Each structure stands twice: as C-alpha cells, then as structure tokens.
Amino acid sequence: MPAGSNDFEKGLRVRSRAAVRVGFFDALQHPSWRRKDRGMLFEGRKKAFEGAVDAYYDDLYRYAYWLCRNHWQAEDVVQEALSRAWRNWSGLREARALKSWLFTIVHNEFMRAAKRSRFVSSEFDADSLESDAPADPSAAIELRRALRILSEESRQALLLQVLGGFNCAEIAAMLGMREGAVMTRLSRARQALRRKLEPDDYAMEANIS
Amino acid sequence: MNCLELRRMAMLDPRQLGEAAMEHAEQCDACREFLSRTFQFETELAQTLRVPVPDGARGRAVRGAASPTSARQPRWMALAAGLLLAVALGVALVWPRNDPMALAGIDFVVFEEAQAILDAKPVEPEVLRRVVAQLGITLPDQLGEVRYTGVCPFAGGFAHHLVVKTAMGKVTILLMPDRRIDVRVVAAARGLAAIVTPVAGGSVAIVAGSQPSVARAEMILTSS
Chain A
1 MPAGSNDFEK
11 GLRVRSRAAV
21 RVGFFDALQH
31 PSWRRKDRGM
41 LFEGRKKAFE
51 GAVDAYYDDL
61 YRYAYWLCRN
71 HWQAEDVVQE
81 ALSRAWRNWS
91 GLREARALKS
101 WLFTIVHNEF
111 MRAAKRSRFV
121 SSEFDADSLE
131 SDAPADPSAA
141 IELRRALRIL
151 SEESRQALLL
161 QVLGGFNCAE
171 IAAMLGMREG
181 AVMTRLSRAR
191 QALRRKLEPD
201 DYAMEANIS
Chain B
1001 MNCLELRRMA
1011 MLDPRQLGEA
1021 AMEHAEQCDA
1031 CREFLSRTFQ
1041 FETELAQTLR
1051 VPVPDGARGR
1061 AVRGAASPTS
1071 ARQPRWMALA
1081 AGLLLAVALG
1091 VALVWPRNDP
1101 MALAGIDFVV
1111 FEEAQAILDA
1121 KPVEPEVLRR
1131 VVAQLGITLP
1141 DQLGEVRYTG
1151 VCPFAGGFAH
1161 HLVVKTAMGK
1171 VTILLMPDRR
1181 IDVRVVAAAR
1191 GLAAIVTPVA
1201 GGSVAIVAGS
1211 QPSVARAEMI
1221 LTSS
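Protein chains in written order, with this note's numbering: chain A, 1 to 209; chain B, 1001 to 1224.
No lab work stands behind these hints: they were computed from the structure. Among the clues, some could well be false.
Taking lysine to aspartate or glutamate pairs in the EDC-like style, the calculated list, with each CA pair at most 20 Å apart, reads [stated by the list, open to error]:
1. A/K196 x B/E1042
2. A/K196 x B/E1033
3. A/K196 x A/E179
4. B/K1170 x B/E1126
5. A/K47 x A/E94
6. A/K196 x B/E1112
7. A/K99 x A/D54
8. A/K196 x B/E1044
Part of the chain B face toward chain A, derived, beta carbon under 8 Å [to be verified]:
9. M1011
10. R1050
11. P1054
12. D1055
13. G1056
14. A1057
15. A1066
Chain B is nowhere near these chain A residues, computed Cβ spacing over 10 Å in every case [claimed, not checked]:
16. A85
17. G91
18. L92
19. L98
20. S100
21. M111
22. A139
23. A140
24. R148
25. S151
26. A173
27. L175
28. M177
29. P199
The structure presented is a predicted model; accordingly, all values stated were derived computationally and were not measured. C-beta atoms are modelled at their ideal positions from N, C-alpha and C, and glycine is treated no differently.
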C-alpha cells in the first residue's frame, strides 16, 4: 500500500461519517461547530489530501509529463489539477475512486491547457535520457522516439494503463470512450511500438500468428 | 486457448493474462518466446515512462493546493483585480489633489478675509503697481473692479490682498512677491475653488466661487 494511504482513508472515513450525519457543509455551518471543530475538520481534510498526494503524485506527474512532454508544464498541470481536486475534495465519496478521479482531473486540466494553447507543442528530447536508470539506455531512447508515432488517444490509453494501472473499463470511463475502442487503441499502440522497435521479431511473430 | 487468442490478450494487457494463457505458453514454444519478449518490452516501457519527478514538486503541490485560503482564484479574477488596481492608481495619479497652499487660500477667504478687510491698512496704488510689475502680471480693467487692496498675513508670510468684483462674481487675489513655487497647484473646498500659480517674480493665489471664475482671472492676470 502506498505511503500515506492509511492517513487518507482514515480522514475520508471520518469525513464521510460527518457527511452522512448532517451533510458536510451543513456540518460546517452549524452553530454547534466551534472554531476548534472546524479547524480540526480542516486539518483532517488536509491530512487526507496530503496522503492522497503522497500516494499518487509521482504517477500523476509522469502522466502529465508524457502528455505535455515538458517538465515545467507537467508540474504546472498537476499543480492546477490538485488545486481543483482540493476545492472539490468534499464531493469525493469513495476512496476507491480517488486514483482514477485524480488522473481524470489531470487529464482534463491538460486538455483545458492545450485548448487555451497555453502549451507550445514541444518535441521529445529524444537524445536526453530522463528515465530512472534504464537497463538499456539506447533502447530507452529508441522507445521514447517510438512513443512519438502513437496517436494522442492511443498514447493516453497506454499511459493510463502502464503508469496508472487502470483496466480498459476504467480507461474508457476516464477518456470518455467505449471500452472496445480503448481495447483497440491499446492493441494498436503496442503493435506500433513493437513494429518500430523490433521490426524483425515482429514480422516473424506476425507470420506465426 | 490458441496462439492467436494469447497474442491478442498479450497485446491488450500483458499483466492480465490468465491461467489459461500461461498453460498454453507452457506447451507452446513460440508463444512462450513471444511472451518472454512481451514481458521484456513491458518492463522497458514501464521503465522508460518512469521519468524522474523533480525534487520538492510534491511539497510545492500540497502547499499550493491545500492552503487554508482554499487554493487559487480563477485567473480572470486575478486579471480583473490587477486591472482595477491599475485604473485606481491611474485615477489617483491624475485626479487633482487639494494642495495645502491652495487650501490655505480658501481657508483665508472663508475665515479671515472679512477680519483682514476690517483690520488691514490699505495699500498705496503706487506700491501695488510696483508689486504687480515685480510679479510680471497685469491688472487690466477687463479683470473687474478692484474693491479692496490691503496687506495681510498669509501662509507664514505677507500677501497683497485684492478683492475684485468680476463678471463671474467675487474673486480674491493674493499677490506673494517673495513666495516662489515650482508648479501650479489647485484645491476645491467649502464651495470655493483656488489655484496658486507661479509667476515671474513670485506667486499668485486666486480664490473664487467656481473653477471657471478662477481660470478666467488667472488667464487675465498672466496674459501679459
């Protein structure tokens, strides 16, 4: 279990009980809630939020990085997404949905930023090696180059599966696609990458199948 | 399960291969080899996607998002606030402010002028002509009828005090031959308008019931 998950789930349980009794915001407004109580509730929320960020920040950042292809923009997108998540934190009801909720917010934030043309589309820096100590650096560079050939939707689906660990149904919900379309994109993405990186092996396997 | 089904499943999500797929791979050399390369490829892919996260980014994200003030306001609000501030600053800079000396002229007219007229010694016409010449201004008939002249204390010194009946009402003029100022200053208070304007040999304060009346007197005085 990722670090911080316990804190997050405890915080969410406490908050959910309060929400069930009187409604979260009603509870905040009720006169019986003294300043101290509200402070404790805020601290509880904050602790739960921090637990969630601890647990998922790295994956969210990497997902944003591969969408934006730029470290600064990725950090900006995740920052905006987490601000949005914090503002809507009280609307979250299921701890199980947290991870996909955060990934969806990052995805939407990226789409918003791209729509506003805030991002100048940058090419991959294919010659630089930024992954965490890859076993074969040259293969990693080739793979980074190969990722450029994927369509935006195929790449997003593949990133969500590999980085986020989501299944096809979850990816479909996050990207607003049908599950079948996600399956097609995932298969095509892997085929395209392997065709590019292992042309001989891939041709042989294609003949076998 | 056959070879085709296994390969389809592996290309879709190699982590989700079931028992049937693994059993097939145990009996099929080609599929076993395919799966071996597939797993190797997936490992490389996952490793490549794991770009390093910048130091401190997580802390910055928490601090930025979960502040007690509930994070950021929309950008348009920040833009609007900035615009409003710029407009307010511009207005504050351009808007005429009451200058203390011009205000002193108004206070003189309101609180002291009547007493000054009673107490002050009238100025000799010759003296007045000399002062006017020293200041580099004129007192043409066009200005109006001079009803009173005298010398009175004003703003820490003495001024030659004139009360003139003009076409636009009463105008008080204070001639200050030894009081030099750098810029023209204005004030409006107590229903009166005032200016103090620099002239060649000193300065002149003009107080009247309206801004146009002050402006007219200033124009006539300084048009020589």
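Status of each hint after checking the structure:
1. Only pairs whose Cα atoms come within 20 Å are accepted, and A/K196 paired with B/E1042 is accepted, the gap being roughly 15 Å.
2. Our distance criterion of 20 Å between C-alpha atoms is met by A/K196 and B/E1033, whose separation comes to about 19 Å.
3. In summary, the hint linking A/K196 to A/E179 is not supported, as the alpha carbons are separated by about 26 Å, beyond the 20 Å threshold.
4. For the proposed pair B/K1170 and B/E1126, the alpha carbon gap of about 24 Å is over 20 Å, so the pair is violated.
5. Straight-line distance between C-alpha atoms of A/K47 and A/E94 comes to about 17 Å, which keeps the hinted pair within the 20 Å bound.
6. Among the hinted pairs, A/K196 with B/E1112 is inconsistent with the structure: their alpha-carbon atoms are about 97 Å apart, more than 20 Å.
7. A C-alpha spacing of about 12 Å is found between A/K99 and A/D54, which places the hinted pair at or below 20 Å, so the restraint holds.
8. In summary, the hint linking A/K196 to B/E1044 is supported, as the alpha carbons are separated by about 14 Å, within the 20 Å threshold.
9. The criterion of a C-beta within 8 Å of any C-beta in chain A is met by B/M1011, whose closest approach is roughly 5 Å, and the hint holds.
10. A least Cβ separation of about 5 Å between B/R1050 and chain A falls short of the 8 Å threshold, and the interface hint therefore holds.
11. For the restraint placing B/P1054 at the interface with chain A, the shortest Cβ-Cβ distance is roughly 6 Å, inside the 8 Å limit, so the hint holds.
12. Because the beta carbon of B/D1055 sits about 11 Å from the nearest beta carbon in chain A, more than 8 Å, this interface hint is broken.
13. For B/G1056, the shortest C-beta to C-beta distance to chain A is roughly 10 Å, which exceeds 8 Å, and the interface hint is violated.
14. Checking B/A1057 against chain A: minimum C-beta separation of about 5 Å stays under 8 Å; hint holds.
15. Taking 8 Å as the C-beta contact cut-off toward chain A, the hint placing B/A1066 at the interface holds, the least distance being around 5 Å.
16. For A/A85, the shortest C-beta to C-beta distance to chain B comes to about 7 Å, within the 10 Å cut-off, and the non-interface label is violated.
17. Under the 10 Å C-beta cut-off, the non-interface status given to A/G91 relative to chain B holds; the minimum distance is some 14 Å.
18. The beta carbon of A/L92 sits about 14 Å from the closest Cβ of chain B, which is more than 10 Å, so the claim that it is off the interface holds.
19. Even its closest Cβ contact with chain B, about 15 Å, leaves A/L98 beyond 10 Å, as expected for a residue assigned away from the interface.
20. The Cβ of A/S100 sits about 16 Å from the closest Cβ of chain B, beyond the 10 Å cut-off, so the non-interface label holds.
21. Separation of A/M111 from chain B is adequate, the least Cβ-Cβ distance of about 17 Å exceeding the 10 Å criterion.
22. Consistency note on A/A139: stated as away from chain B, yet its beta-carbon is not over 10 Å from all of that chain's, at 6 Å minimum.
23. A beta-carbon of chain B comes within 10 Å of the beta-carbon of A/A140; the shortest separation is about 5 Å.
24. Non-interface call for A/R148 relative to chain B: holds, since the shortest CB-CB distance, roughly 13 Å, exceeds 10 Å.
25. Its beta-carbon lying about 16 Å from the closest one in chain B, A/S151 satisfies the requirement of being farther than 10 Å from that chain.
26. In this structure A/A173 is separated from chain B by more than 10 Å, as the shortest Cβ-Cβ distance comes to about 16 Å.
27. Every beta carbon of chain B lies more than 10 Å from that of A/L175, the smallest distance being close to 16 Å; the non-interface claim holds.
28. Distance to chain B confirms A/M177 as a non-interface residue, since its nearest Cβ pair spans about 15 Å, more than 10 Å.
29. With a minimum CB-CB distance of about 13 Å to chain B, A/P199 clears the 10 Å threshold, and the non-interface call stands.
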